[in-house]
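Novice: If you want the building blocks of each chain, they are given just below.
There are 4 protein chains.
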Amino acid sequence: MKRATLISMGFMAALSSAAIAATPVQNNNITESEVEAAQKAWGAALIQISKDYAANGHESASALANQVLDQAYGYSHGPVLFKPTLASGEKTFRVTQEGALSYFVGGNDYYGDGGFALKPWETYDFENAAVYINGDLALTMGHVILTDSAGDTTTVDKTWAFKKDEQGTLRIVLHHSSLPYSE
Amino acid sequence: MKRATLISMGFMAALSSAAIAATPVQNNNITESEVEAAQKAWGAALIQISKDYAANGHESASALANQVLDQAYGYSHGPVLFKPTLASGEKTFRVTQEGALSYFVGGNDYYGDGGFALKPWETYDFENAAVYINGDLALTMGHVILTDSAGDTTTVDKTWAFKKDEQGTLRIVLHHSSLPYSE
Amino acid sequence: MKRATLISMGFMAALSSAAIAATPVQNNNITESEVEAAQKAWGAALIQISKDYAANGHESASALANQVLDQAYGYSHGPVLFKPTLASGEKTFRVTQEGALSYFVGGNDYYGDGGFALKPWETYDFENAAVYINGDLALTMGHVILTDSAGDTTTVDKTWAFKKDEQGTLRIVLHHSSLPYSE
Amino acid sequence: MKRATLISMGFMAALSSAAIAATPVQNNNITESEVEAAQKAWGAALIQISKDYAANGHESASALANQVLDQAYGYSHGPVLFKPTLASGEKTFRVTQEGALSYFVGGNDYYGDGGFALKPWETYDFENAAVYINGDLALTMGHVILTDSAGDTTTVDKTWAFKKDEQGTLRIVLHHSSLPYSE
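Protein chains in written order, with the working numbering: chain E, -16 to 166; chain L, -16 to 166; chain P, -16 to 166; chain H, -16 to 166.
Treat the hints with caution; some may be incorrect.
Because identical chains cannot be distinguished in the list, a pair is counted as satisfied if it fits within a single copy or across any two copies.
Okay, derived cross-link-like pairs now, DSBU-like style, lysine-lysine, Cα gap no bigger than 30 Å in a straight line [to be verified]:
id, residue 1, residue 2
1, LYS74, LYS102
2, LYS34, LYS74
3, LYS74, LYS23
4, LYS23, LYS102
5, LYS23, LYS34
6, LYS34, LYS147
None of these hints come from the bench; they were simulated from the model.
Chain E on its own, in the form it takes in the complex (with noise of 0.2 Å):
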């Protein structure tokens, strides 16, 4: 093995600055500060369209829900598994974008959803009962609180499932929404 001996202290030296400078890490996984910050921002997606409808119209709302599901929804990478929460019977799951987006803004013959973003929110909070992360999926369990304009408090029962794409951007593959049981 004389080869392997006959390092010259150049070579050495080339270590030594190469482990000065950092190393290379490329990470695909998803953190749970990252889960809590999408958890986040889809409620504030929420009361932005909200917000923007009784302000601008329901042109300039369905806009802004249709960037807010190209952005933050996986529907360009294939079937989101979407069940929102006032939906139902042969319309329960929404696996493409327009049907996600006639249940946020409605204006859909075939759906007939009156549009559960144009309501108008006010504050939106969430609490995890639990997280589960598996590479760059992440899975969240939890309820989900908004409060509207007359201080009504609507809590859901919610699942997420995000999915980290090559630009580190989380998108939701997978949402369960539904109304707490009642006897």
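Position chains L, P and H against the provided structure of chain E, taking the given hints into account.
Specialist: Below, chains L, P and H without anything else, positioned relative to chain E:
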């Protein structure tokens, strides 16, 4: 590069015989058929617990339910994100096995559940709206349809996340079940 | 639970027709056959660069090599862990595309490579010793056998890691190649 | 949506107290610091085997090496993609634990290895050229520098893939080691 070019015929022969033997492949991923099998197994287990309760009483059914939770859920690995259909209030989320067991067979003073698996379930079916597979984790969303001994049908909106463990067993790490929305 | 049991026949019919349409499935995992195809493509690209050099000269071969690196390696996503067969000293690791390009076609004063892909390669084969698949990442290890126009054979010990990107393309994110050990 | 808005103050209080307790988080991902610790542990184990051999003989060192393989490699989970530094020909790849054990401590007629870990190793260091983290799998590439009791230094080009198992232990599932190329 003389070393490399001096490959003896014996070595090439060894390569050829190695090629005849199958290359060892370790594949940690979930397949669609594994997901379907796990979904079928969930319903079969529910009905088995129900029938065991009718035939052998609560103690037997409770032991069976605990065994099902041991084998089909991920509680031994960490928290499970479980929102059962009929759970609500501060008892909505059952991140521990104790909470899940109570939901299925009752008998727990704190949770006060009636025992969902003790109802006289006869048949089970599911309809996936979409499936999302990411490594050793698979997400499903769709309807689950249960029929009881009186012929009454219960349909729920159901989301599952299955994690394939090191033994190749799919374990439920997320389970969100809710009644269909009705105005 | 009266709501849930009052499912109209129309709804069940909708479920049935939905079942006829294929369930959308998003599967981000790598398959064995995708790995084999990527391994074959690597060799085909190497030979193509070699033949392009012979036919059209260095500029053409260099452009082609750059295109291959763009498409088959992960440099556009981050650092690639690349240890080429004949690289050594402080130039052993080529974590940037510039370093990789130099290795394949030379023409870079800093690296001083002769250009591995410019040799007159004729045929390519590989023998996997084992394959390891973990989500969207696959690892392979085995022999790669190259034959040149003089009929001389070069065998190297080769390790690859392939990452499946969002477009479904397998990209090399790790490549360790070494000459067989000889005493 | 009257149900949802009729949330009692008691329920909100329950949410608040739940928020005080830490949310359970299951995170299956590898961290950079875990990777570094595993890389350090590999060298420490090599030196420990070497010193055990000097102090207690071959049987003791062999038992220790087997224990290290049990704990730090993934052989109990499936094949390991292992190309040791000094292995060649049809014995290049050691996908079974038997082949790996032979490489480190010899004593195996088929493989005929001298026993790499039996050399009088004194110190160990590593320099990562780059690290790639993807879920529960991490890839490293760089130099490993070993010094023996005579002060001679051996540098090798080293690639590892570590898989985090269900107990949180990082296991080597790929290990490609080669002597630096010299013309």
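Novice: Now tell me if each hint is right for this structure.
Specialist: Results for each hint:
Proximity of LYS74 to LYS102 under the C-alpha cut-off of 30 Å is found in both arrangements, the shortest distances being 20 Å within a copy and 29 Å between copies. Within a single copy, LYS34 and LYS74 get their C-alpha atoms as close as 27 Å, which meets the 30 Å cut-off; across copies the closest is 34 Å, which misses it. In this homomeric assembly, LYS74 and LYS23 come within 30 Å of each other (Cα to Cα) both inside a single copy, at 27 Å, and across copies, at 24 Å. Taking the shortest alpha-carbon separations for LYS23 and LYS102, only the intra-copy value of 19 Å comes in at or below 30 Å, while the best inter-copy value is 40 Å.
Within a single copy, LYS23 and LYS34 get their C-alpha atoms as close as 17 Å, which meets the 30 Å cut-off; across copies the closest is 45 Å, which misses it. In this assembly of identical chains, LYS34 and LYS147 lie within 30 Å of each other by CA distance solely inside one copy; the values are 28 Å within and 40 Å between copies.
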